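Novice: Spelled out, the chains give:
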Amino acid sequence: MTLAAGASSATITYREACRQAIRDALLSDPKTFIMGEDIGRYGGCYAVTKGLFDEFGEERVRDTPLSESAFVGAGIGAALSGMHPIVEIMTVNFSLLALDQIVNNAATIPYMSGGQFAVPLVIRMATGGGRRVAAQHSHSLEGWYAHIPGLRILAPAVVEDARFMLAAALADPNPVLIFEHVMLYNIEAALDPAVIAVDIDRAKRRREGADVTLIAYGNGLFRALAAADLLAADGIAAEVIDLRVLRPLDTATILASVAKTRRVVIVDEGWKSGSLAAEIGMRIAEEGFFDLDAPPRRVCGREVPMPYAPHLEDAALPQPADIAAAARALVRPATGRP
Amino acid sequence: MSARVHLDHAHRHHLLRQMIRIRHFEAKCVELYQAQKILGFLHLYDGEEAVSVGIMEALGPEDAVVATYREHGQAIARGVGMDRLMAEMLGMQEGCCRGRGGSMHIFDAKTRFYGGNAIVGGGLPLAVGIALGDKMQGRNTLTACFFGEGAVDEGEFHESMNLAALWRLPVLFVCENNLYSMGMALARAEAETDIARKAVGYRMPGVAVDGMDVVAVESAARRAVDDIRAGGGPQFLECRTYRLRAHSMFDAQAYRSKEEIETWRKKGPIVRFQGWLQDSGLIRPDEVTGIEAEADAEIAAAVAFAEAGTLEPVEELERFVTMDRVPT
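Protein chains in written order, with the numbering used here: chain U, 100 to 437; chain H, 15 to 342.
Please keep in mind that the hints were generated in silico from the structure rather than gathered at the bench.
Check the hints yourself; a few may be wrong.
[What the hints assert, rightly or not] Simulated pairs of lysine to any residue, SDA-like, Cα-Cα distance not exceeding 20 Å:
| id | chain 1 | residue 1 | chain 2 | residue 2 |
| --- | --- | --- | --- | --- |
| 1 | U | Lys130 | H | Met150 |
| 2 | U | Lys130 | H | Arg153 |
| 3 | U | Lys359 | U | Ala393 |
Only a predicted model underlies this, so the values are computations on that prediction, with no experimental measurement involved.
So that you can see chain H by itself, here it is in the shape it has in the complex:
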């Protein structure tokens, strides 16, 4: 990995494709939710796609990821298969967690994707521990830990930042600052709203980046990852972004104006990157259509896979409450 983003033709298309895959996947999830095939909570990533896509580009396959409950995008960008992801959303045993986790608890051992954590702030100590364990086992890996700016309110954030810095652990802390923790505006929740500055208190390098700009995120992530791999200890990256949809599916959004949402929609990561590519003559409209069609075909196949899935027998309800062995 290198700090420089090689924005060649293939990579440009790749970044756009990844963001479109996430966006279209979630659009399909909304349909399935309205059809009551997906149940429970559904937290959409619309507007925040550049964060996961940019960060994951800087990671290697041996690295670990700790995600949030708004993690469909994080999972797709990490390489979790859409078919098993969709099957999980539908509660099928072909799902990545056999239907045990659902939308908020996506785990995937193959890509070292450690959830899908729905306790805000609860994933940070895990990330510190995974990084510690990896380091003690002599692996040259890092753990990327995603969380929202709401997690910064939690004590676990501060404890984990301190521990990671104190022990110089290879953790990339990624704050997805979408300005609202559910309905609570950042300025109403934090005395210091410049989140990146929080890192200073832990003697940790902290950078704020435009989270609506996929290239800026990737570039910042690559720099941070290089420093971590060089043994420099943890890094903190605040990605300033915006959630364009409701917190979950039931949310009147009384806490913000339609105008505010519309302003941000115009700055959305796909609009912006695709617009720039088109304006610069770096992508043709038919190429965009091609990418979209490809994503839709993949999603259709994932839905077909999920809908053909089977339900885990109720007799297995208590399976995995305790484990017989540590999976290898």
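Extracted from the complex, chain U is given alone in its bound form:
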């Protein structure tokens, strides 16, 4: 294993984990190639593919023109012809230019063709806010994609998932979209050498607690974990669930945790109206209503196009204090601040 500059031998950055995952895929399967904007000679807009162009050449690390619809569609076509492509889209906002191909083709062709064709394609893209890049580079639209039958939607938050979800996604005969939160690329954490694979089916408990469940994904996971620290100082034990897989949702893990803690806060950087958080909340209401001691709460992104100014962007994103306040209000309604 090679490690990114600055990383110690025991830790790895999220970015490097993504890079190693792609490198592994290119090494292990001659039918895998990666294409996207500036992934080759430039090394990737978030430097995830750095060095791969030199190692694997321009055929397998393929720079594309700024034609999201054409190169995403070409990924679907290549998958139909027997390849296992990885397509990188710079950011989720740009993926809207390829929405037709993702929704009308990738997600429908297996079904429309009566099972004659599969689309074993992986699309990776950056998502989320926090980098002060305003309203066309910062949104969290993965919840939209999680609406679409036929797609699997992944949101790796920890380095282990960044390192191993890709292989599982490539082994899936269906189109898989992987959302990498932009604020996570520089995170550095230990990678257990004993782990060589992860599942792409289940949510995972990242912290155990008995008083309230915090459900989050992506960068929201770390905000929820920080909130759990704040709550612990108040004597409230929060359980933190990392969704990991946004479609299909692992409802069982969510319900099991809620049945234990009887209170739940759902954290979602996406806008509240019509959000993934709304879907999770409704599932809990439908299937776990009688386990609840308090109404489910949501801490979502504020309903504004992402502003540039740092104080405004921070105010638009779910912060640990907001999450902790929502949880406190559920656990100690008399004293908690809403």
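Starting from the known structure of chain U, fit chain H onto it as the hints suggest.
Specialist: Then chain H, alone, in the frame of chain U:
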């Protein structure tokens, strides 16, 4: 394959037979639509048969085809079985897509027929990708991509033309220019109505051909296919044709005159080719009758097959939303 069309007796009859099979198949579809056995949209190919028939003659069995939503003719000319095609139209599980696709979404893995795409322009990126995948896997194949002139209005057309040319991919772009995208006349939609010239902007060879002349289409397709197979990269073929019927089944056709339609009907591909064969003494009237009877018998058998079909159990509604494996 060779660029020359060998217009011997057998081939002449074959071309005429293919066009008649399509025409008669669709005439039967209209009956079944009026009887409410075929539902939804039904986009007829009446007047455009020479395009598919001519193009498919230049393709080999290993090649791939990406079709439009007006694709019954494309499917039949490609060799998709009429029985499974008709069963699909009737929504039966014996249909080529188990009744999941219907008229607009015909897929057939056996003939590498990749739909049946009803998003105008949406098939072009797929064709580029299939050609890319084939090329990367060392196959000496090409992908023929059908689309109407309306697709030229879409960004996906331009992105795909550029990508195919940039990467020198084996794609045959086939524009079926029938002059109307639904009710929108070409001249009202495009600043440059000479569609073949669009290829110039992508440094791609582009040729316009009389799409009502099956021999001209086949000949142009063979030349283009030869160039593609020789490694010359993609080619663009504009086939100038005309849709003699409504866009779909509900269309008052307020956007064009009856006279215009009648003028084109006289230039129709079957009238023209059959007329030429008869005038030149290359086919006897009884041979034409024989071809028609043969096509009608095939269609009758297809209808019988489809009507004897079974409905997929509703319990299977969610089957194939996701796949357990990649079909081989």
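Novice: Next step is simple, just say for each hint if it's right about the structure.
Specialist: So, going through the hints one by one against the coordinates:
no.	hint	verdict
1	U:Lys130 - H:Met150	holds (8 Å)
2	U:Lys130 - H:Arg153	holds (13 Å)
3	U:Lys359 - U:Ala393	holds (13 Å)
Checked against the numbered hints given earlier, this structure breaks none of them.
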